[in-house]
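Peer 1: Based on the provided sequences and hints, a complete structural model is requested.
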Amino acid sequence: SAVISQKPSRDICQRGTSLTIQCQVDSQVTMMFWYRQQPGQSLTLIATANQGSEATYESGFVIDKFPISRPNLTFSTLTVSNMSPEDSSIYLCSVDPGESPYNEQFFGPGTRLTVL
Amino acid sequence: AQSVTQPDIHITVSEGASLELRCNYSYGATPYLFWYVQSPGQGLQLLLKYFSGDTLVQGIKGFEAEFKRSQSSFNLRKPSVHWSDAAEYFCAVTSNFGNEKLTFGTGTRLTIIP
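Residue numbers (this note's numbering), protein chains in the order written: chain A, 1 to 116; chain B, 117 to 230.
A couple of the hints might just be wrong.
[Said to hold, decoys possible] Covered stretches of chain B, going by a simulated chain A footprint (3 or more residues, C-beta under 8 Å):
| hint | stretch |
| --- | --- |
| 1 | 148-154 |
| 2 | 158-171 |
[To be verified] With a Cα cut of at most 20 Å, we get these calculated EDC-like pairs of lysine to aspartate or glutamate:
| hint | chain 1 | residue 1 | chain 2 | residue 2 |
| --- | --- | --- | --- | --- |
| 3 | A | 7 | A | 26 |
| 4 | B | 177 | B | 201 |
| 5 | B | 165 | A | 99 |
| 6 | B | 184 | B | 124 |
| 7 | B | 165 | B | 182 |
| 8 | B | 217 | A | 54 |
| 9 | B | 177 | B | 136 |
| 10 | B | 217 | A | 99 |
| 11 | B | 217 | A | 58 |
| 12 | A | 65 | A | 87 |
| 13 | A | 65 | A | 86 |
| 14 | B | 165 | B | 204 |
| 15 | B | 184 | B | 170 |
| 16 | B | 217 | A | 104 |
| 17 | B | 184 | B | 201 |
| 18 | B | 165 | A | 104 |
[To be verified] Just a few of them, taken from the derived set where beta-carbon distance is under 10 Å, the chain A residues facing chain B:
| hint | residue |
| --- | --- |
| 19 | 10 |
| 20 | 11 |
| 21 | 40 |
| 22 | 42 |
| 23 | 96 |
| 24 | 106 |
| 25 | 110 |
Treat the hints as calculated values from the structure; they're not laboratory data.
Virtual Cβ for every residue (Gly too), placed ideally from N, Cα, C.
Peer 2: So, in structure tokens, the structure goes:
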């Protein structure tokens, strides 16, 4: 397993600004993921962030809007750029520690973002 | 493409009663199945998982789930719920192909009444 922390836990932001969310893991992991959970909805994968390579974005998500950094094996950031009220969501990072071949993921506590 | 269906959006159960949350998946390969729980204001916690072998799997907090290939189901059960079980429950599926994404169902919100 892995213990994951996220900062900030919540924030209220103004339209047009940007917010960077940090994800810290207590062990080195290759695969990290960023998800969005819109109000009352399920989780949608934004991108996969593997250390040493560019993030891979899912359909409907672009790097200009959600730039991701992965400087090392324990840390990643997701930036939500030029925010609008539609970006109000919970953003979660997860990791696959690679301890099993079964694509098992462990999640952080999430960052609750409200855009006014 | 793989998909997960949780037909019940919201379930209300009396404390002490039994619980079953439904999950159906659609996937051509060997599925790996998970149940996660999300308490209010919290992240996701893994309750249990199925990869292979015994089709009845035990998880944390007294939960269990049964994999039924013929019905493409992976229903979550608990014999006696506690007020602290009130939360959102997500079923998820991935596969034995490397780097396969985790696909989530839409979730079931569980309310416990005294």
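Peer 1: Indicate, hint by hint, whether the structure satisfies it.
Peer 2: Against the structure, the hints:
| no. | hint | in the structure |
| --- | --- | --- |
| 1 | 148-154 | holds (count 3) |
| 2 | 158-171 | holds (count 7) |
| 3 | A/7 - A/26 | 14 Å, holds |
| 4 | B/177 - B/201 | 9 Å, holds |
| 5 | B/165 - A/99 | 14 Å, holds |
| 6 | B/184 - B/124 | 18 Å, holds |
| 7 | B/165 - B/182 | 10 Å, holds |
| 8 | B/217 - A/54 | 17 Å, holds |
| 9 | B/177 - B/136 | 14 Å, holds |
| 10 | B/217 - A/99 | 17 Å, holds |
| 11 | B/217 - A/58 | 10 Å, holds |
| 12 | A/65 - A/87 | 10 Å, holds |
| 13 | A/65 - A/86 | 13 Å, holds |
| 14 | B/165 - B/204 | 17 Å, holds |
| 15 | B/184 - B/170 | 11 Å, holds |
| 16 | B/217 - A/104 | 10 Å, holds |
| 17 | B/184 - B/201 | 24 Å, violated |
| 18 | B/165 - A/104 | 9 Å, holds |
| 19 | 10 | 9 Å, holds |
| 20 | 11 | 14 Å, violated |
| 21 | 40 | 9 Å, holds |
| 22 | 42 | 5 Å, holds |
| 23 | 96 | 9 Å, holds |
| 24 | 106 | 7 Å, holds |
| 25 | 110 | 5 Å, holds |
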